[in-house]
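Engineer: Residue numbers (our numbering), protein chains in the order written: chain A, 1 to 205; chain B, 1 to 205.
Keep in mind the hints are simulated off the structure, nothing from the lab. None of these values were measured; they are calculated from a predicted model. Check before you lean on any hint, since a few could be wrong.
Because identical chains share one entry, a pair is satisfied inside a single copy or across any pair of copies.
Unchecked claim - Computed list of lysine-lysine pairs in DSSO-like fashion (alpha-carbon distance at most 30 Å, straight line):
id, residue 1, residue 2
1, LYS128, LYS49
2, LYS49, LYS185
3, LYS49, LYS3
4, LYS185, LYS128
5, LYS130, LYS185
6, LYS49, LYS130
7, LYS120, LYS130
There are 2 protein chains.
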Amino acid sequence: MLKLFHTPGTCALASRIALEDAGADYEIVRVDFSPQQQRSPDYLEINPKGRVPALVTDRGVLTETPAILAYIAQAFPAANPAPLEDPFAFAELQAFNAYISSTVHVNHAHGPRGSRWAGKQSSFDDMKRKVPETMAAAMDLIEFNMFEGPWVMGETYTVADAYLFTVARWLEGDGVDIDALPRIKDHMARMSMRESVRCALAEPT
Amino acid sequence: MLKLFHTPGTCALASRIALEDAGADYEIVRVDFSPQQQRSPDYLEINPKGRVPALVTDRGVLTETPAILAYIAQAFPAANPAPLEDPFAFAELQAFNAYISSTVHVNHAHGPRGSRWAGKQSSFDDMKRKVPETMAAAMDLIEFNMFEGPWVMGETYTVADAYLFTVARWLEGDGVDIDALPRIKDHMARMSMRESVRCALAEPT
Numbered sequence: 001m002l003k004l005f006h007t008p009g010t011c012a013l014a015s016r017i018a019l020e021d022a023g024a025d026y027e028i029v030r031v032d033f034s035p036q037q038q039r040s041p042d043y044l045e046i047n048p049k050g051r052v053p054a055l056v057t058d059r060g061v062l063t064e065t066p067a068i069l070a071y072i073a074q075a076f077p078a079a080n081p082a083p084l085e086d087p088f089a090f091a092e093l094q095a096f097n098a099y100i101s102s103t104v105h106v107n108h109a110h111g112p113r114g115s116r117w118a119g120k121q122s123s124f125d126d127m128k129r130k131v132p133e134t135m136a137a138a139m140d141l142i143e144f145n146m147f148e149g150p151w152v153m154g155e156t157y158t159v160a161d162a163y164l165f166t167v168a169r170w171l172e173g174d175g176v177d178i179d180a181l182p183r184i185k186d187h188m189a190r191m192s193m194r195e196s197v198r199c200a201l202a203e204p205t
Numbered sequence: 001m002l003k004l005f006h007t008p009g010t011c012a013l014a015s016r017i018a019l020e021d022a023g024a025d026y027e028i029v030r031v032d033f034s035p036q037q038q039r040s041p042d043y044l045e046i047n048p049k050g051r052v053p054a055l056v057t058d059r060g061v062l063t064e065t066p067a068i069l070a071y072i073a074q075a076f077p078a079a080n081p082a083p084l085e086d087p088f089a090f091a092e093l094q095a096f097n098a099y100i101s102s103t104v105h106v107n108h109a110h111g112p113r114g115s116r117w118a119g120k121q122s123s124f125d126d127m128k129r130k131v132p133e134t135m136a137a138a139m140d141l142i143e144f145n146m147f148e149g150p151w152v153m154g155e156t157y158t159v160a161d162a163y164l165f166t167v168a169r170w171l172e173g174d175g176v177d178i179d180a181l182p183r184i185k186d187h188m189a190r191m192s193m194r195e196s197v198r199c200a201l202a203e204p205t
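Sequences are here, hints too, so could you generate the full structure?
Structural biologist: Encoded structure:
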């Protein structure tokens with residue numbers, strides 16, 4: 001059975017939504033950041049990166065949200081369609097997820113996690129101040145250039161929708177005016193009504 | 001014909017190596033960062049992100065190195081084998097490329113491009129000072145946990161090798177001791193001897 005190591009509020013939500021969409025038989029394990037459980041020897045044994053998500057499969061452990069989402073899409077194609085036979089269309093889906101991972105998520109992380117990239121409190125404060133601007137710019141690009149509508153990739157719901165929803169939930173806390181992003185706002189509202197999303201947002205037991 | 005928008009010294013090298021490996025019929029267009037050509041209206045028309053690489057295909061433009069590499073692997077499977085039919089193995093390849101993109105490249109960028117994430121010179125200096133540490137930590141994880149050997153994914157050369165080589169070339173400038181990373185150092189030496197790599201490193205005409 002698949003096992004997802006997950007922390008509420010993190011990007012691991014995207015993988016959880018995709019697993020719910022897939023109707024996958026999976027177990028969820030909560031990793032608690034407050035006692036730095038992600039840095040415990042037991043967890044580092046599972047994921048030496050000390051991050052979430054990590055998806056344990058019968059073949060081994062997968063990390064990195066874009067890779068996990070592509071895996072779920074490929075393993076459960078009925079529920080998470082991806083144009084695997086069309087290199088260009090598949091690359092477009094991957095490019096969207098790569099942008100979220102390497103730009104949007106990174107911009108966001110400069111708020112709470114500046115110590116990853118600098119040493120001084122004044123730098124952390126400076127980074128935190130810039131988050132509303134960098135997040136708004138990245139989301140503008142999605143709103144006006146990348147989002148096809150009604151779903152991220154167009155007519156068909158894909159794993160990219162789970163990933164966009166996950167990071168869009170950070171916007172309010174990041175000081176971004178969601179009203180300036182009407183397509184993303186509407187997408188969030190439609191995502192929130194999906195059964196898979198409601199289940200994925202429930203506290204793991 | 002494929003057209004790769006490329007700037008020497010950047011991560012666009014990985015895509016260029018993969019195209020050379022593929023024996024692809026492609027044209028290379030140099031984007032010059034010094035007059036900020038990547039921010040010119042003409043280039044933003046091609047890639048609104050204002051970054052390289054961008055790969056123009058007959059279907060449209062692709063961006064994000066992990067997506068471009070997966071596209072090349074899928075479009076030229078003989079030269080760039082990828083386990084496309086095996087969701088787990090393909091996800092492992094993707095996870096490697098996602099780690100380079102969202103962690104290794106991001107750590108590196110805090111040296112020359114701190115202004116993406118902060119506003120003050122003191123923060124840029126602070127970020128720059130931490131680059132040797134963050135790059136060494138990320139490359140240690142590759143050296144000791146992720147690199148299968150003799151190639152990144154094991155016995156078979158893949159597009160991930162082109163990506164690792166591309167970022168390993170930054171290590172000296174980033175203040176990382178490559179002698180502490182013997183497997184990556186050996187990989188660099190073997191990559192440097194490949195004809196595709198020599199061609200990709202040649203000045204575009």
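Engineer: Taking the hints in turn, state whether each one holds.
Structural biologist: Hint-by-hint comparison with the structure:
no., hint, in the structure
1, LYS128 - LYS49, "both (24 Å within a copy, 22 Å between copies)"
2, LYS49 - LYS185, "between (33 Å within a copy, 22 Å between copies)"
3, LYS49 - LYS3, "within (17 Å within a copy, 36 Å between copies)"
4, LYS185 - LYS128, "within (23 Å within a copy, 37 Å between copies)"
5, LYS130 - LYS185, "within (22 Å within a copy, 37 Å between copies)"
6, LYS49 - LYS130, "both (26 Å within a copy, 18 Å between copies)"
7, LYS120 - LYS130, "both (16 Å within a copy, 10 Å between copies)"
Of the numbered hints listed earlier, not one is contradicted by the structure.
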